[in-house]
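There are 2 protein chains.
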Amino acid sequence: MSSNNKTVRCALSVSSIPDITEAINNAIDNKFTYLICPLVNPRLKREYIADNLRHQQLPLTRSDLDLTAECWQNYVVGAAHQFYDCDSEDETIRNNSICGLSEELNIVAHLNLTNYLVPLRSDKIENFSRIINNILLNKLTMFNVIIRVPLHMNNLDIEIENVISRSNDDAPWYWWKKLRTLCEENTRLGLALEMTNDLPEDENEIERWYSEPIRMIIIPTSLFLTNKSGFPVLSKAHQKFINQFLKLDIDFVIEGANRHPERGMSKYQEYLNYIFKQFQTNSVDKKTQFTKGYEDCLQNPLQPLMDNLESQVYEVFEKDPIKYSQYQKAIAQALIDRVSEEDKKTKEIVIMVVGAGRGPLVKMAIQAAQETERKVKLYAIEKNKNAINTLLNLKNTDWDDRITVIAKDMREWEPTEKADILVSELLGSVGDNELSPECLDGAQRLLKDDGISVPYRYRSFIAPVQSYKVYSEVRRCKEYEHPYEAPYVILLNNHCRIADEQFLFEFTHPNRAKKIDNNRYGKLEFKANFDATLHGFAGYFDSHLYKDVDISITPSTHSPGMFSWFPMFFPLKNPIQVKQNDLITVHFWRCVSSKQVHYEWCVSSPTNSVIHNPNGRTYWIGLH
Amino acid sequence: MSSNNKTVRCALSVSSIPDITEAINNAIDNKFTYLICPLVNPRLKREYIADNLRHQQLPLTRSDLDLTAECWQNYVVGAAHQFYDCDSEDETIRNNSICGLSEELNIVAHLNLTNYLVPLRSDKIENFSRIINNILLNKLTMFNVIIRVPLHMNNLDIEIENVISRSNDDAPWYWWKKLRTLCEENTRLGLALEMTNDLPEDENEIERWYSEPIRMIIIPTSLFLTNKSGFPVLSKAHQKFINQFLKLDIDFVIEGANRHPERGMSKYQEYLNYIFKQFQTNSVDKKTQFTKGYEDCLQNPLQPLMDNLESQVYEVFEKDPIKYSQYQKAIAQALIDRVSEEDKKTKEIVIMVVGAGRGPLVKMAIQAAQETERKVKLYAIEKNKNAINTLLNLKNTDWDDRITVIAKDMREWEPTEKADILVSELLGSVGDNELSPECLDGAQRLLKDDGISVPYRYRSFIAPVQSYKVYSEVRRCKEYEHPYEAPYVILLNNHCRIADEQFLFEFTHPNRAKKIDNNRYGKLEFKANFDATLHGFAGYFDSHLYKDVDISITPSTHSPGMFSWFPMFFPLKNPIQVKQNDLITVHFWRCVSSKQVHYEWCVSSPTNSVIHNPNGRTYWIGLH
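Residue numbers (UniProt numbering), protein chains in the order written: chain A, 1 to 624; chain B, 1 to 624.
Calculated from the structure, these hints are not laboratory results.
Errors might be hidden in some of the hints.
The calculated lysine-lysine pairs, modelled on BS3-like cross-linking and capped at a C-alpha distance of 25 Å, are [as the list claims (entries may be wrong)]: (1) A/277 x B/139; (2) B/573 x A/478; (3) A/573 x B/478; (4) B/124 x A/579; (5) A/573 x B/527; (6) A/527 x B/527; (7) B/579 x A/527; (8) B/527 x A/579; (9) B/139 x A/478; (10) A/139 x B/292; (11) B/345 x A/139; (12) B/527 x A/478; (13) A/124 x B/527; (14) B/579 x A/579; (15) A/579 x B/478; (16) A/124 x B/478; (17) A/573 x B/573; (18) A/595 x B/523.
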């Protein structure tokens, strides 16, 4: 783990600072990454007159000359110190608040800070949201607005509670949901969760927070306990909570007076760094090594029949430690079932690998034959000329004469003999989306009547998902006119499932139906586990290779350590608010024409969406 | 009324036709405008095999050679004869239906018909909606899909009722609402209402239908009574119902056997034509004469400070029979109040008309002075050089020396004396939207301390609105990147108000506040009168000229016959479904900067919308 020298990002939050240079130096000396501090002295009285604040000859706040521009940007996050009540019923308070907040936002822009932290304390936030929305949409500003909310209502201090009036759906998540909806899921909005002594009891509630754009977790020093050696530590419950969020790229914030003055503030940072290192050590495996950095990035699905895969793509996929060993297991079992122990010296089995790529399945077939001591004759069929080159090189160096390389589309090649076993790996994130059904239907001419297809079955699974991050990324995507109508391949991280996944479509091979029909229609009904915003649907698959040998990326049955596939995400044009126990009804269509395959989808409860991707206008997979 | 030679458009709907040429000739002979008939013989058995229908060597339907292309297009509307159950739980029925319907839609496209009539009989319509949506979005097809629904559930015949399973929100409007939502409010979707013996008792329900894209009203012959002379007539209730829909550009459809065979089918058409003529005669007044053809057309609001009005615009506005007589009344009353009967020979009153245009208000001031025998000195201030030319011509020909024409912006002119009465007509559809507040605030320097502004007050009013027509037009608008963020001036016709209008903003003149602030924030709460789709908000104004003399375009107080202003429509990005008695909470902001004025708006209940028009990015009114 020597390469893991990254340390935790941890900020120090202070409520007043006589000298900012000193404060920053102090924070850095105590190993904090940056300082969070108010930008305006809270004691400064400000009074609203028309649209200007009247100040005496006093400056509003310290001079920007106190620090270099670089220092402001890298070491200071601004915090709205006082609670601005921009939605007070009292017009004077309202107007004063709006002006005060606007003024601070101007300072943040002027200083070119990266982040600005603002507390949210109720759901009466229309005026507040308007101010925030306008600054986020102002192209001359760059900073993120980090909304600070408590994890538990107990955390609200009394002073603030008197200022605001309470309302119905009165829990911090609803305030936040309202704000992000009014601001049209802007990507520059983030969240800072204030950790509280009491944590939400419902696991679902924590999971729901997990799917929001958490940038910081604020930990008051008052939450720390003192261990036997006199060092600050967190309770088991708080440790567990923190660990759940470490998979997101978050910063910690230490706030409040030093409860262990004999040791200095650095002890808090050191403790969190210890937790962070532990997490890193525990979570490093081959899978995360390969998938690191891909979290929540939108990728367009492959077009395997229209485009040739690149060498790099093959290389990544070939490194999967699980997938190929499962294939070897499946082929070995099929060989044993096909050729009895007595016949193994005499009987030769024909295996065809269709879509052989650079040969990994050919290797697995060879190894399976060696392992089971069965005689095999192998054909490697591949349409990509570049991969053919690799295969022919392998044949010349590693493989013997029993292996024949065929440079053809599997749907067109006319063989002289038929196969006992047809092996393929043509699956996409939801199984059929890279047109495995169409390819294997076209290739099953190659198979003997009693031949075996590996895989012999694959199924897609769908789950309703909340993910602010993914949805806001989709909205920003400029590639399509209707970006919300294309599915994306994505390593879903910053998301939660509103209900467990359900089975959608199934394909089996060989397909002995009189007339093969790969059109599909499916209707699924999910019961929402909690109040949530439905942003779209995650798609997964499982694939049965031979008998009970299978591979899966479906959450409940995921093959441990397999990283070749990320899930698929089917967005909705508009997020749908769902209540706990609401029935979410979704309809999916797989539509096949002579030229292409596409999906359409819509939601019909709790409310109706539009029908997405009509006629495949935004997304389709070409058959040629 | 001699110019009113338009006749009613009335179609004849038949269920089977041995010979189509004969059927058309028969319809036209009986004064019908066109024929509605099934395109495929319902007795033809069709069976689904994969994605093709298997036919014997029989043709599916009659040859397109039976009629000329022009005849097909002008005289035939296709009707889906049988009820296709594209959403049956039975996969065979479902697939057969989908193929049958798709096949008919292909015939409609091939024959290039204008309209295709399809019945809707339940809310299980996801597959049906997908087929319809795909054909509507296919750019190679042009026809409208007219959805046929009964007005009252009693109308459903038993045979059909057995086919479908019933569900919750089970009334025809909900089926239709679901379809149009799934199809993203496509403008090529229309409605045909089947008139039933029982009509909806709730006026709201009829009004709600009125706001949908009604293209046809189907009247079964069985609904007709026979009057004393033996002619077919409708009941008073049915007549009343029809009259409510005649303001929309609808066709009638007569369907069913001739119940008055001795008279021929033409009698039905003649009766409806009689009703139509009566409606036309009753509704023709000066107002409809000027507004005819403007119904539901989107117009961009004027930019009076940035652009000069054209002569034609002035001419239309000057023809308003009500507005100027109200101004004359107001000025006369102000003159009487300002100058007592004793002083009228000696005391001279200064009237300034700011934004005089081509002089109508100057004329009203002159007439008011003549009427009240008060001495006045008049200034006509106008910034538009073209209008100045008209004013100077008028001064030379009609007016005397007491009238001075000033070619200046009212906010900049420096007069040598001040006015007793400042008269203006700077109002837009919601009062302040053509920047009357800013102009009059800038002009009140011209007014004596105790001077009078005519008008002295104006207010905006807002009502929540359902209108498929207007919303779908907004969605089609390509002028802006975010067309749903601009308000439009529009003669709202095909719409309904979900609740009565409420007061929003108020402005008074002269404004003697220490520091003038024309920013406004308003929050309104409406209780929905019925289940509906909220597409946006209608805006109106009233204006108090002097004392109780006023003008209004607010529905509950509209000045009879006044046509100078159409309402304004503030759209929503996404329609919001509301339930009866839901609280609709809307927030409006009027935002003033040194360069421009703009509005922002959002809905916060029953659900949250986005904030529309942030920073005035889509719509703003320039101050210079």
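Between residue 139 of chain A and residue 292 of chain B, does the CA-CA distance stay at or below 25 Å?
Cα-Cα ~44 Å, so violated.
With the threshold set at 25 Å, check whether the alpha-carbon distance from residue 579 of chain B to residue 579 of chain A stays at or below it.
holds, 16 Å
Given the hinted pair residue 527 of chain B and residue 579 of chain A, is their Cα-Cα distance within 25 Å?
With Cα atoms ~22 Å apart, residue 527 of chain B and residue 579 of chain A stay inside 25 Å; holds.
Holds or violated: are the alpha carbons of residue 124 of chain A and residue 527 of chain B at most 25 Å from each other?
holds, 20 Å
Mind checking the alpha carbons of residue 124 of chain B and residue 579 of chain A for me, to see if they're no more than 25 Å apart?
With Cα atoms ~23 Å apart, residue 124 of chain B and residue 579 of chain A stay inside 25 Å; holds.
Does residue 595 of chain A pair with residue 523 of chain B here, judged by a C-alpha cut-off of 25 Å?
Answer violated: residue 595 of chain A to residue 523 of chain B is near 54 Å, above 25 Å.
Please verify whether residue 573 of chain A and residue 573 of chain B have alpha carbons no more than 25 Å apart.
holds, 12 Å
Does residue 478 of chain A lie within 25 Å of residue 527 of chain B when you go C-alpha to C-alpha?
Roughly 40 Å between the alpha carbons, so the hint for residue 527 of chain B and residue 478 of chain A is violated.
Would you mind confirming whether the straight-line C-alpha gap from residue 579 of chain A to residue 478 of chain B stays at or under 25 Å?
Violated, at roughly 36 Å.
Would the pair residue 139 of chain B and residue 478 of chain A pass a check requiring their Cα atoms to be no farther apart than 25 Å?
holds, 23 Å
Within a Cα-Cα threshold of 25 Å, do residue 277 of chain A and residue 139 of chain B meet the stated pairing?
violated, 58 Å
Restraint check for residue 573 of chain B with residue 478 of chain A, where alpha carbons must lie at most 25 Å apart
Holds, at roughly 19 Å.
When held up to the earlier numbered hints, the structure conflicts with 1, 5, 6, 10, 11, 12, 15, 16 and 18 and fits the remainder.
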